[in-house]
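The whole structure should be built from the sequences, with the hints applied where relevant.
Once you know that position 219 of the sequence shown is 219 in our numbering, the rest is easy, because the numbers rise by one and skip nothing.
There's no promise every hint is true.
As the list claims (entries may be wrong) - Derived DSSO-like pairs: lysine-lysine, alpha-carbon spacing no greater than 30 Å straight-line:
no.	residue 1	residue 2
1	99	43
2	165	43
3	130	157
4	148	125
5	200	148
What the hints assert, rightly or not - Here are the computed distance ranges between Cβ atoms for each label pair:
no.	residue 1	residue 2	range
6	70	160	19 to 29 Å
7	204	113	19 to 29 Å
8	207	116	24 to 34 Å
9	136	46	16 to 26 Å
10	113	205	41 to 51 Å
11	150	126	21 to 31 Å
12	172	46	14 to 24 Å
In short, the hints are calculated from the structure, not lab data. Cβ coordinates follow ideal geometry from the N, Cα and C atoms, glycine included.
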Amino acid sequence: VNAAAILAGIAALEDLEFQKISVQHNLKWKSWFEKELQTLTIKYPELLNLLSESESTPVLISDEVRISTGRIDNFLVDNEAIPILIEVKERSNVELKRKVVGQLLDYASTISNDLIEMNFEEEIKSSCRKHSFDEVEVLDNLYQNYEKEEFWEIFSKNLKNNRFKLVVLADKFYPSTERIIQYLNQETQNTNFIGLELMKFEVNENTVIVPKLIGSTYFSSNSKLSSKSLNDENVFLEQISANKATSSLD
1 VNAAAILAGI
11 AALEDLEFQK
21 ISVQHNLKWK
31 SWFEKELQTL
41 TIKYPELLNL
51 LSESESTPVL
61 ISDEVRISTG
71 RIDNFLVDNE
81 AIPILIEVKE
91 RSNVELKRKV
101 VGQLLDYAST
111 ISNDLIEMNF
121 EEEIKSSCRK
131 HSFDEVEVLD
141 NLYQNYEKEE
151 FWEIFSKNLK
161 NNRFKLVVLA
171 DKFYPSTERI
181 IQYLNQETQN
191 TNFIGLELMK
201 FEVNENTVIV
211 PKLIGSTYFS
221 SNSKLSSKSL
231 NDENVFLEQI
241 SANKATSSLD
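Dropping the structure here:
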């Protein structure tokens, strides 16, 4: 770097107006990228299959759900009637380091009371219309294991007893965040804290998104992607086509 570039950098750092504009720019694009992550999992819900022990695709109840302690990005349920709440964070968001964990604990303390009166099936139908999903197909898949009335009775009991999954969705996790999520899972009984990292690969001119779980001991026994293969590009490329938890983007 030449002297002129160094002097220009120093001048920029001393320019308070420039700093203000830079911060505004970063906040704008951080929000845009987090919205893209959120939209990605709504459009391709199979990316969330690893969140369910039954390997079923979780169903979106609603997005942007307001509760007394904040706003839940995505509120879902799997066909075992387990509530799933997702908070989306982009790596550059400093909240991902530690603050997001406190945010999840805030949510956990009020979710039962805030959401118990919601008409969940009607919310699902509304989300189907909003995102152009096949309502009949979505509900048929949801009620695979239980009749409708029994399903929502179990769901309500799970919600009341704080038996749900709180998920941080990110493009990349800090090691400190991973450690905190794992620790919380060791110390809590009913609530499951999970990190879901979406890794992007380019394969044969296609963009492929592969989810990686953090903080949960469960991993699909049928999945052919072990933690070792995810870190080995050659093994990954050989196995990726057989992995159920992968989504190739249009």
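Here's how the hints hold up against the structure:
Straight-line distance between C-alpha atoms of residue 99 and residue 43 comes to about 28 Å, which keeps the hinted pair within the 30 Å bound. For the given pair, residue 165 sits about 21 Å from residue 43 by alpha-carbon distance, which is consistent with the 30 Å threshold. About 28 Å separates the Cα atoms of residue 130 and residue 157, which keeps this hinted pair within 30 Å; it holds. A threshold of 30 Å between alpha carbons decides the hint, and for residue 148 with residue 125 the separation of about 14 Å falls inside it, so the pair holds.
Between the alpha carbons of residue 200 and residue 148 the distance comes to roughly 37 Å, so the proposed pair goes past 30 Å and is violated. Between residue 70 and residue 160, the C-beta spacing of about 20 Å keeps the proposed range 19 to 29 Å intact. For residue 204 and residue 113, the Cβ-Cβ distance of about 49 Å falls outside the hinted range of 19 to 29 Å, so the restraint is violated. Distance hint for residue 207 and residue 116: a CB-CB separation of about 40 Å, inconsistent with the stated range 24 to 34 Å.
Taken as a hint, the range 16 to 26 Å holds for the pair residue 136 and residue 46, whose Cβ atoms sit roughly 19 Å apart. Judged by the Cβ atoms, the range 41 to 51 Å given for residue 113 and residue 205 holds: they are separated by roughly 50 Å. Here the CB-CB span from residue 150 to residue 126 is close to 23 Å, well matched to the stated 21 to 31 Å. Between residue 172 and residue 46 the Cβ separation comes to about 21 Å, which falls inside the hinted range of 14 to 24 Å.
Checked against the numbered hints above, the structure breaks hints 5, 7, 8 and satisfies the rest.
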